[in-house]
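Chemist: Dock chain B against chain A, hints included.
Line by line, the protein sequences give chains A and B.
The first sequence begins at 15 in the working numbering and counts up by one.
The second sequence begins at 15 in the working numbering and counts up by one.
Note that these hints are calculated values from the structure, not bench results.
Hints may contain errors.
With a Cα cut of at most 30 Å, we get these calculated BS3-like pairs of lysine-lysine [said to hold, decoys possible]:
no.	chain 1	residue 1	chain 2	residue 2
1	A	Lys41	A	Lys144
2	B	Lys231	B	Lys266
3	B	Lys155	A	Lys144
4	A	Lys155	B	Lys41
5	A	Lys155	B	Lys34
Number of protein chains: 2
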Amino acid sequence: MTDPQRVVVLAHEKFPDRAKTATGVLKYADYDVVAVLDRDNPGTSAADHRRDLPDVPVVASMADAPDADALLVGISPIGGAFDETWRDDVRTALERGCDLISGLHYFLAEDEEFARLADEHGCDINDVRKPRDDLGVAQGKSADVDAEVVLTVGTDCSVGKMTATLELVEAARERGIDAGFIPTGQTGIMIAGWGNPIDRVVSDFTAGAVEEMILEKGDEHDVLFVEGQGSIVHPAYSAVTCGILHGSMADKLVLCHEATREAIHGYEEFALPDLSEYVSLYENLADPVHEADVVAGMLNTSHVDDDVEAAEAVDAFADELGVPAVDPVRFGAADLVDEVF
Amino acid sequence: MTDPQRVVVLAHEKFPDRAKTATGVLKYADYDVVAVLDRDNPGTSAADHRRDLPDVPVVASMADAPDADALLVGISPIGGAFDETWRDDVRTALERGCDLISGLHYFLAEDEEFARLADEHGCDINDVRKPRDDLGVAQGKSADVDAEVVLTVGTDCSVGKMTATLELVEAARERGIDAGFIPTGQTGIMIAGWGNPIDRVVSDFTAGAVEEMILEKGDEHDVLFVEGQGSIVHPAYSAVTCGILHGSMADKLVLCHEATREAIHGYEEFALPDLSEYVSLYENLADPVHEADVVAGMLNTSHVDDDVEAAEAVDAFADELGVPAVDPVRFGAADLVDEVF
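Chain A on its own, in the form it takes in the complex:
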């Protein structure tokens, strides 16, 4: 992917609560976000909308944005289509020489106008959802790297695995641990600036596409934190979860859950099993390929308003798992990193 320094993030009409990619990039990317495009909120700051976001100006269009070297699409309509109301912003960005970074299903590089403008102005178009075509099957070699490999696993989709992983990386680095981040989804890839979109690769290459990243970074860091996907009991996405578990050959697992979640999101007829069953399933499934223990829990309490209740929920979660747990966004992951890594 492009290695940008100054990035404008497009998040029209969905910022911040339906703009997971935009907020992820604002919070965790190494590059500077210099503006958010949201035609509903020009003149505000990202920090006005959510206390955990930095003080970045929100402007109505690319024409109002400061100097930048990339435009990043920070929202995704259902189906991953391109919204034609964004065309002016993308066109302006290319005319100003900005690269494009997008995780849409609709590949911007295959849009005739964008391809032509990119060519004329010397811009790169990064469609991060498009897997490289030289991926292959896993060799079972991930455990050979020097780094300890830590994988976040979930009770469901959308419980906060990416955020938990990035919070762990930040907390570990603050503690002086040389920690690397292995992205596996489009937002993680946009934040990290590299990576394979595991949910889009050929199914036979699921583990292989993870292994390739572990082998690439595994001797550069002391600990690798791998972003998990889906859930091992998900009716649709368990294949990806299983491929990441075996492809990463993780040494340690961190179980992520959302407080109050009781059924699979979008598949409400499937109840979530008990937490202890998740622990057994993940550990027993990992074991024949590479032994891994659940060493910590991460509870997303964003739907719990009261701080005391949230803290109690975290304690109950830790008790049920029998390992230390935290809500890394609400309470920070520093203590847990000290205890576990």
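Modeler: Just chain B now, with coordinates in the frame of chain A:
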């Protein structure tokens, strides 16, 4: 896929022991195989080479083959490339108006000469390894079909899951059971004449591509036998296995194993777990999506010369699993079908 009546199977220099697709088609397809192409053995019969194969003439080239409506590529070189020494046969087939059926990685429909000849002679080119592009995520609906769903699962790749599944279908039909076959790999697809190549679909669609087939056939039969792939403890292919397990929402599992196999084929540093561990893993992983029990075992004893030894191995396998077992190729699956389905 094309619905052929009379098929010529290309298997040059590899027939029969390194021609798994060719022998699978000879044994199990509903259409007639009218000749096998093997330039090493012209003038022989398939039955001369292996007692379980039918009496089909082996000829040196397509020019020597009888009337047919399709040429099927029944072997696959490493990497799935097209062997240029086959070009004359393929050209001749197209000039005679035959459709092509191929599971190579190299798509024959994208070969300029073959595409042109197919167009000129009105032939279809079926590259069965190429997934349809309208597949999607699973909805968790496979259990809604009328049919009982039976899935073969394995201790490893290449232990005989496809053969076991097809033998079960044949034995069930002989017993008067209305049994359907759900293919998931290229050879199964060539035999059945339809199906999704699950190992080639986008990883997020692994379960969905299985579910689509179950929903299509699930109300037409009383029992569906689903061809399994890989193994849930395979360092490279477990994702596909997991997706088929959850996507099929199988009611019953049949565990397939090869006698004397002790490590993952091609990944010899990974020992196979105990059989009881496989049973627990498959059942526990299935359970949160749809409860499934291992109800039978299938032991491939093709590497055991002596019939008595083979029978003893089957008995020991059944004892260890605690369910009925058989080698369906060596001893037939009829009794087991009576007992279990």
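Chemist: For each hint, tell me whether it holds in the structure or not.
Modeler: Now the hints, each set against the structure:
1. Lys41(A) <-> Lys144(A): Holds, at roughly 24 Å.
2. Lys231(B) <-> Lys266(B): Status holds; Cα separation ~17 Å.
3. Lys155(B) <-> Lys144(A): Holds: Lys155(B) and Lys144(A) sit about 29 Å apart, inside 30 Å.
4. Lys155(A) <-> Lys41(B): Given that 30 Å is the threshold and the Cα spacing comes to 38 Å, the pair is violated.
5. Lys155(A) <-> Lys34(B): Measuring from Cα to Cα gives roughly 29 Å; hence the hint holds.
Of the numbered hints listed earlier, the single one contradicted by the structure is hint 4.
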